[in-house]
Structures are given as C-alpha cells and as structure tokens.
Amino acid sequence: MKNVKKVMCSGLMFTGKEDMEMLHRYAKEGWVFKEFKGLSYYMHKEEPKDVIFAYDLISLREDEKLEYFEMFEKQGWHHIPTSTLHEGTYFFWAENGTKPVHTDKDIEASRYEPFFKIGIIGLFIGVLGWLGSTYFLFGWKELVVSALFGATTGVALMMVIGSVFQLRKKRLRLYIRFKTAVMVFLISFFAYIINIHGVLFAPNSIVRVIMGSVMGFFGVIAITQYKQYRDNKEL
Amino acid sequence: MPKNDTFKTEQLTDSAYYILLSLLQERHGYAIMKHIEEVTEGDVVIGAATMYTLLKKMLKNECIKQVGDTERTKQYQITKKGLAILKNDVLRREKMVLNGRKLFQERGYDW
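Residue numbers (my numbering), protein chains in the order written: chain D, 1 to 235; chain H, 1001 to 1111.
This is chain D alone, in the form it adopts within the complex:
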C-alpha cells in the first residue's frame, strides 16, 4: 500500500488547473495518477514520466462516448477510467507537449452551466430542509438533520458561486484559510449545541438560520481546504 499516494481533490471548479499541474509534478517524480476514487486522486509509484493531465466535465449519453473518447485518443489523450460515481467527469493523460483539450474559452466556460443549475436546486433543498427541520424537529434529532441540510446549503452555495465565476471565465479563489474555517465552524457549532433548548436565542429565530448556514458553509470550506493546508505543512 506504500506504493500508492492519495491526494484529495478540492473541487475541479476551484482548483482544476492547479490539480492538473500537481499531477504533472507528481508524475515527473514517479507518482503517476492512475485512479480517481471517492474525492481523491490515487497515484501509483512507477518510473518518472513526463506526462500531463487534463479533465473535462460533460454529460454524455452511452452512444456518444465512443466518438468522444476516440477524438481524445486520436489527439494523444488517453482516458483514465473512473467509477460510475463520477459520471460526467473524465480524466486524461498525454505526453508532455500534447495540445490542450480545450482551446475555446467560451466552450470551456459553458461546461459549468449544469453546475449552476444543480447549485440553485441544492440551495432550495438545503434551505427548505433546514427550515423544515428547525420547525418540526427538536433536540439532537434536529441538530443532526439540520446540520445535514446546512452542509447541503454550503455545498450548493459554493457550487453556485464557483460556477458563476467560471461562466464569466474567472475563477473563485478561496482565501479562507483552513484554520480560520475550522475555528468559525467550531464556534458556530458549539453555539448551536448550547442553544439546543433556546438558551441563547429563540429556537426558531433567524439567528439560528444564519448559524446553521455559517456552520454548513465553513464546515465544507474547512474540508476542502484541508488538502492545501496539509500540503503546505509538508513543504
């Protein structure tokens, strides 16, 4: 197992370019990206290779895949298979010097349109579910369920903001540091727990809605920033 290195992906929408550069650096050191499982890149120890990596986010029907992969293959981009969990995300590797897979900024930006829609729907589900759980559940049950919906809201919000930036051909760079995010999350989490029985503020007040969203948002940011934090520590 020591022959496999695992690095978490913080979301291609935010760090896609950096991730591909990272995979290239690792490959030159003999750690070659071979699989994508869960949320992480798995690199296998091999001979150092001067290869580059690319990804594409696109929804393909089964009958469209052959043509799609063939076009990439002919240009020198080999598909790295992922599990069906990651339908819609495709990774490729090629010899250094191969032409990029995206050469039109507008078409590249349009890849993020579906994420905007998913994000908006996620926001609705997250916020409504959160409100519903605060009004209809109580105590620990409420804490757990509303935390889940809070996390959904956090992820959905990131997706919406991230895709809006991508669609304008910019990128959202999160400057919130891991330690800051963890601190904010913990503070809001404890305040939330202490307030289970309405000690600090009324059980169904707007303050709780805000606290829940803050928890969800910073919780997700903390998780996604962890990889960068850990990488920086190693240096």
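Because the hints were derived from the structure by calculation, they are not lab data. Among the hints, a few may not be true.
[Said to hold, decoys possible] Listed below are the simulated DSS-like cross-link pairs for lysine-lysine, each with C-alpha atoms no more than 27 Å apart in a straight line:
{"id": "1", "chain 1": "H", "residue 1": "Lys1080", "chain 2": "D", "residue 2": "Lys169"}
{"id": "2", "chain 1": "D", "residue 1": "Lys17", "chain 2": "H", "residue 2": "Lys1056"}
{"id": "3", "chain 1": "H", "residue 1": "Lys1065", "chain 2": "H", "residue 2": "Lys1080"}
{"id": "4", "chain 1": "D", "residue 1": "Lys117", "chain 2": "H", "residue 2": "Lys1080"}
{"id": "5", "chain 1": "D", "residue 1": "Lys65", "chain 2": "H", "residue 2": "Lys1065"}
{"id": "6", "chain 1": "D", "residue 1": "Lys99", "chain 2": "D", "residue 2": "Lys169"}
{"id": "7", "chain 1": "D", "residue 1": "Lys2", "chain 2": "D", "residue 2": "Lys65"}
Start from chain D and add chain H according to the hints.
Only chain H this time, still in chain D's reference frame:
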C-alpha cells in the same frame, strides 16, 4: 451576447470558421483537426473537447451533416446552410482585413 449563440447571430468564432472551411470536403473529426493545423501552419489548434462540442453544435444547427454510416468513425460535411453562413463570414473577415490595411496606409504606417 454569449458566443454560444454564434450560429444564430451567424458570426463565427475562429474555431467554428476553420471547422466549416475544413468540411467543404467530407472528413472525420480527427482529420479536421489535422487539416486545420496544416492549413494554418500551426496557428490554429482545436482541442479535442472543443472539437467534439462544436461538431455537436453545428450538427444541431444544421450547418454540417453526417455522411456515411460507419459504426466507428463518423464523417462530416458542410450543408447548404453552413455554406451560406461560412461564405458570409469569409466576406466579413475579408472586409475587416481590407479596412485594417486601408487605415494603416492612410495613417502612413508601413504595410
């Protein structure tokens, strides 16, 4: 207006322009990429993802059509509609170049 409406406004992006030019003769997807590189001496490169998406768009807008019915590699060719749009765009670009040269020369810049 987002450039995604390129086929409705009938003003082509450089990539779409060259793909249509290439499809004046029927070709496979990859052959289009090679042809454009040769013709433009490497100036214009169309990535695999870009090519795939543009071909789909042009099919949808009926600027190109699929010819032949081989299971594996599909061949494409420009349609009458695509031809009309392309011709307009060649003329448009020609005009741009002529205007550019004229203004350069009027201003006394070497051409």
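Going down the list of hints, with the structure as the test:
Distance restraint check for H/Lys1080 and D/Lys169: the Cα-Cα separation of roughly 34 Å exceeds the 27 Å cut-off, and the hinted pair is therefore not satisfied. Between D/Lys17 and H/Lys1056 the CA atoms are separated by roughly 25 Å; this keeps the pair inside 27 Å, and the hint holds. Distance restraint check for H/Lys1065 and H/Lys1080: the Cα-Cα separation of roughly 10 Å lies within the 27 Å cut-off, and the hinted pair is therefore satisfied. With a CA separation close to 36 Å, the supplied pair D/Lys117 and H/Lys1080 exceeds the 27 Å bound.
Of the pairs offered as hints, the one joining D/Lys65 and H/Lys1065 holds, with about 19 Å between alpha carbons and a cut-off of 27 Å not exceeded. Between the alpha carbons of D/Lys99 and D/Lys169 the distance comes to roughly 20 Å, so the proposed pair stays at or under 27 Å and holds. A distance of roughly 35 Å separates the Cα atoms of D/Lys2 and D/Lys65; the hinted pair therefore is violated under the 27 Å criterion.
The structure fails hints 1, 4 and 7 (numbered hints given earlier, in ascending order).
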